[in-house]
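Could you slot chains V and H onto chain Z? The hints should help.
Listed below are the residues making up each chain.
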Amino acid sequence: MSFLTEFLAALIYGILAGGVYALIAVGLSLYFGLMGIVNFAHGSIVMLGMYAAYYSFTLLGLHPYLSLVLVIPLFFLFGMALETGLFRFMYKAPHNNQFLLTCGLMIVINNIALTAFTANTRTLQIPFLEAGFSVGGIVISYGRFLAFLVGVVFYLLLTLFLRKTMVGKAIRASAQNREGAKLCGINVSKIFTYTFGLGIMLAGLAGLLILPFSGAYPDVGDTFILSAFIIIVLGGMGKISAAFWASLIIGVAEAMGSTFLSSGVKYLFPFLLFIVVLLFRPTGLFVRRT
Amino acid sequence: MLLEIHNILKSFGGLVALSDVSFNLEEGEVVGLIGPNGSGKTTLFNVLSGFFHPDRGRIVFDGLDITGFKPHRISRLGLVRTFQIPKPLPELTVLENIRVAAFMRNRHDRAATLAAEKVLERIGLNKSGLVPSHKLTYGQKKMLELGRALATEPKILFLDEIMAGLNSAETLEVVRLLQNIKKEGQSFILIEHNMSAVLALAQRIIVLNFGMKIADGSPDEVIKSEAVIEAYLGRDQ
Amino acid sequence: MKNQIIKTLLGLFVVALLCWLPFLLGDYYLYLLVLTCLNAYLASSWNLIGGMGGQLSLGHAAFFGLSAYASTFLFQKFGISPWAGMWFGVLIAALYGALIGLLCFRYQVKGTYFALVTLAFVEILRIAAVHLKTFGGSEGIVVELKGHSWSAFQFETKVPYYFISLVMLAALVLVINYFRNSRFLSYLKAIREDEDVAYALGIDVFKIKFWGLVLSAALTGLGGTFYAQYVLYIDPPSIFGLTRSFDMVFICIMGGMGSIGGPLLGSVVFSAFMEIANTIFKGGYGAAHLILYGILLMVVILVFPRGLISLFNKHTSSE
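Taken in sequence, the protein lines are chains Z, V and H.
In terms of our numbering, the first sequence opens at residue 42 and continues consecutively.
In terms of our numbering, the second sequence opens at residue 8 and continues consecutively.
In terms of our numbering, the third sequence opens at residue 20 and continues consecutively.
Read the hints as simulated data drawn from the structure, not as lab findings.
Even glycine gets a Cβ: it sits at the ideal position worked out from N, Cα and C.
There may be inaccurate statements among the hints.
[Said to hold, decoys possible] Below are the DSS-like pairs computed for lysine-lysine, each with C-alpha atoms no more than 30 Å apart in a straight line:
1. K125/V - K223/Z
2. K133/Z - K129/H
3. K125/V - K77/V
[Unchecked claim] Residues on chain H that point at chain V, a partial pick, calculated with CB under 7 Å:
4. L164
5. E175
6. K177
7. L193
8. N196
9. N200
10. A209
11. D223
So that you can see chain Z by itself, here it is in the shape it has in the complex (with noise of 0.2 Å):
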């Protein structure tokens, strides 16, 4: 392969990968912004997103893109669950001791599912999604493909929905100014709620376009969380337009390190661009500087 098939390759692909990674960035920006609670626990909700669309295929039978009905509204209510249930105790209290907690979220999930699922990777085998359409001599799968464009009809809707509608409007003057928002009557509470709702579905829903190119285990949900850290780092926290570009750039940047470093620094090449970006821009990229 030429120098230039594999650049385009990896550009490809990593903008294809950029496409479902906004889902997990942009569902852990959107409440991150309003709230102002740094999720670690949102990786694992992605992996029970994908264990969620396979076990509805090997027992409902349902083709992961048709479980999507069933799986949007299930985290939907699984996120505003954990809103009422448990976020809700910890806006006050100190960002350290949030952060813990989600630390202590996710290694619950993290080991109910490997009680319940065992560590055995799960995969999905789906022809017609693993088939692949040829681009210049590039293969793309039709599963990537799919999940890139989902993901960003879903952000579009996102989008549409934050700018359109009362409730987004709500939600986005909730984010802006929590106390100007509840003078003009919003119900700021309610808010924090459907917002995390809509956050952890988000984060599902990724998990289930997933499913199809990469196995489910327990752990998955680690590689995810550090790559949505990094991506809202860079996009600035809170800002969703920019945690949707900077998934694309940063989908693209995990993919050339793939491609074209050698195979040891190729695993320390997210830390490190992670470590990079933390220290030398902790309010993102996207961020007008004041």
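Relative to the frame of chain Z, chains V and H by itself:
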């Protein structure tokens, strides 16, 4: 000359917070810094104490150009500020709070503790020494701000609205304390909205409006100054 | 005067009990006891920068592991006694701490960001350890058994290990206690409480945080070498794993961050808890004890944010 401030310019993005501010302060002087809300008083304190760096201008403290120095260095040199909204070190006791400050001039913990206890008595909080500082009343927290600053044995003290939010009894206490330290020759700059307190303490008043110095003189001169009256009351159109 | 006598007698009694304890307990409980001492030691080391300094490091396993690997490597490859190797290990750990401190504190990386960066720093080491064959790769290193040998820091029975770990713990705790009102620790706590105020009170925040981290790293490293010589086997997950870092933090939080007795209390409770959990869920319940671990962590943070020691501290400040 203890403090010389030359042509300070500070802006945030497009907003100019301080524009060509200059003045001097002699040792032993007490200056009141007044002006409408948003005129840049606290910003000036932030710039002088090193929390912000000026875009332009120089600050000379005790003969040394301290422009651009880090805040802890400026503190150690003797220019100490308090915070407008009191910031106690919440989990530490009142005594521990002051002790942290006392360590600046007292290397060893016993000396620092003794110095802190003296300050504690001076500010009248000796009964609350072992109370975690987050449990103090607002007025006590303000006293603690003052106490901490005093424990650093400052050459010049910047008090940012130390009397804001205090009731009349508490205000009287603070004024009395400040009069005492003034008698001891302590220089300080007082940001205050409480005019009677300022008049009771300050030998000189500087007025800021929209980031510019519009008056600098004795209390009598300043009160009569047209520019000052206009700043506070507006102009008859 | 009477108080003093009573205190001294009580102290002597405790010391005597601690000395006699290993001979009372069976092998299994002695094993637990040593681990409890080690955990308390590690948690106390973390506590310096984490609890007292307020910098939440989730990557302390990096220091633990670097020292463990360094001293073990020197022992296996060059026959250098772990007693000497451990100082080298401590140095490496301190240097890594200095690197992290230099980068993070210079660039004002704080709070959750700092926690995440420390995670990245330890993950890098874990992945590197997995891929580097010279250091055993994913199989780790088995420490060559030399039987009972002081110079090789290996003993047939657990008793010497117990006394060593006890001395380490006691020394650390006593020294921290002696210096609890010192300028350094007071400054560290001030930084934790409010950095702006710290600056205003003349504290060189960077310097204090930096040395706090380096010191904490060095101390943690010492624990790493001890562990390597006790368990006689090191591999990336047990040494650089997330659990290793989390345990230190969790024990400290559970007992009481920032206090001197907190890590001790936390370690005892933690060992007791894990023992009970393991006993109840022996065998076919998968990772149930870990689920409980996570739940316990959440409960402690929600209900006892100042740690269990706050139950004993109702009348004084939290220190």
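Right, here's what the structure says about each hint:
1. K125/V - K223/Z: Between K125/V and K223/Z the Cα gap is close to 47 Å, so the pair fails against 30 Å, i.e. violated.
2. K133/Z - K129/H: holds, 19 Å
3. K125/V - K77/V: holds, 29 Å
4. L164: Hint on L164/H: violated, closest Cβ of chain V at ~48 Å, above 7 Å.
5. E175: Constraint on E175/H not satisfied, violated at 45 Å.
6. K177: Hint violated; K177/H Cβ to chain V Cβ min 39 Å, cut 7 Å.
7. L193: Result: violated, 16 Å to nearest chain V Cβ.
8. N196: violated, 13 Å
9. N200: Holds - the Cβ of N200/H comes within 7 Å of chain V, reaching about 4 Å at its closest.
10. A209: OK, holds: A209/H within 7 Å of chain V, min 5 Å.
11. D223: Interface hint status for D223/H: holds (5 Å vs cutoff 7 Å).
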